[in-house]
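Going by the numbering used here, the sequence shown opens with residue 168, and the numbers climb by one from there.
Read the hints as simulated data drawn from the structure, not as lab findings.
If you're wondering where the values come from, they're calculated on a predicted model, not measured in any experiment.
Just so you know, not all the hints are guaranteed correct.
[As the list claims (entries may be wrong)] Label pairs and their calculated CB-CB ranges:
no.	residue 1	residue 2	range
1	E547	L346	42 to 50 Å
2	T180	D275	43 to 51 Å
3	W440	S210	26 to 34 Å
4	E394	L563	17 to 25 Å
5	V488	Y281	43 to 51 Å
6	Y281	P244	27 to 35 Å
7	A280	V467	40 to 48 Å
Idealized CB from N, CA, C, for every residue including glycine.
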Amino acid sequence: MSEKSSLWRAIFTRKMLICVFTGFSSGLPLYFLISLVPAWLRSEQVDLKVIGLFALIQLPYIWKFLWSPLLDHYAWPKLGRRRGWMLFTQIALLLSVPLFGWFEPKLDLWSIAYLALAVAFFSATQDVVLDAFRREILFDVELGLGNAIHVNAYRIAGLVPGSLSLILADHLPWSSVFLITALFMLPGVIMTLMVAEPDLVKSGPRTLRAAVVEPFREFINRQGWREALLILGFIFLYKLGDSMATALATPFYLDMGFTKTDIGLIAKHAGLWPSVIGGLLGGVWMMRLGINRALWLFGVVQVVSILGFAALALVGHDKVVLALVIGFEALGVGLGTAAFVAFIARTTHPLYTATQFALFTSLASVPRAFINASTGFLVEQLGWFAFFLLCTVLALPGMALLIKVAPWKDGEDRYL
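Go ahead and model the full structure; you've got the sequences and the hints to work with.
So, in structure tokens, the structure goes:
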């Protein structure tokens, strides 16, 4: 069998199809919260400052590791540990999203906030179990491609609340829009009912205490304190520069003189598809390169892409440059994220996947939630050009840690 045919046989498998469904189910509720809910509130004349505070509802995505041991320990009758929690969270999302249509934003703002927090909790919990399930059905050599497909299906899911639902809102009442949006959770429900429970989780931690303590003890014992701290530092730092550079992307485009229409037509479209293509290419290449080498190569693309923003800050208002810069940065994000998520998956132990995966991804999201809050102050002090240079510099420590956590070598995680 040729290498090419072996590669294609690895891509078009039932496992990879499952990764499409896990990614779509995971991305839909998040984009619902960050795209559709703010648009609904603003269309109902809610103050922008209040809408901004709704960003705090994303906190469950950061703290999800606190309740992840429950998902490793408790199993649902007949369905099992992974499928049971997947079905529970998906049905909870399917039922809770349409409830937004029952409220009036100007009269029921606190109720909407509580409901949004509940949706974020169910969504974050679904992420925990989907990440664990995906890790447990994929072999190490499949982690790169499988996680790349998941990440890109995640992004494509954003087109439902971020595009389709907004278009429908011009023609239908919001209650109908929320119901239609919620129905897109059904493919995930069907997937959950059709898949089998992974063999690895049929005998999980025997006690809740073991589910809480053992994942951390296992990680420390397996890696050693020094190596464990290096890995955690790498997870925190690898996406730091890129995350900061894109935190104020829209205000940056506006300051460069681009209109909202320019941003919508050029920046958004130039960013989505290169990101998707980058993620898919990254997954395929990782099967040949291995995760370690992919982290190095894709990380370099990710760092260089940040410099594109600095170039745009110098050039100013140029639509062609805008499209090139955004497209290349999105390509870098797609490549870097595919390798990064695969690395996180590989770092987990199969017996404690939910808790360890949740801990690592929570740590990776800290810069987005907290450090990015300082970006406005930094831009005011430094200006856009110097700010993007700073972001580039802050991306380098994560790359330097690759020497220790993912050295350039022929790893055993290559497909061919």
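Cross-check of the supplied hints:
no., hint, result
1, E547 <-> L346: 42 to 50 Å, "holds, 43 Å"
2, T180 <-> D275: 43 to 51 Å, "holds, 47 Å"
3, W440 <-> S210: 26 to 34 Å, "holds, 28 Å"
4, E394 <-> L563: 17 to 25 Å, "holds, 21 Å"
5, V488 <-> Y281: 43 to 51 Å, "holds, 44 Å"
6, Y281 <-> P244: 27 to 35 Å, "holds, 30 Å"
7, A280 <-> V467: 40 to 48 Å, "holds, 42 Å"
The earlier numbered hints are all upheld by this structure, with none contradicted.
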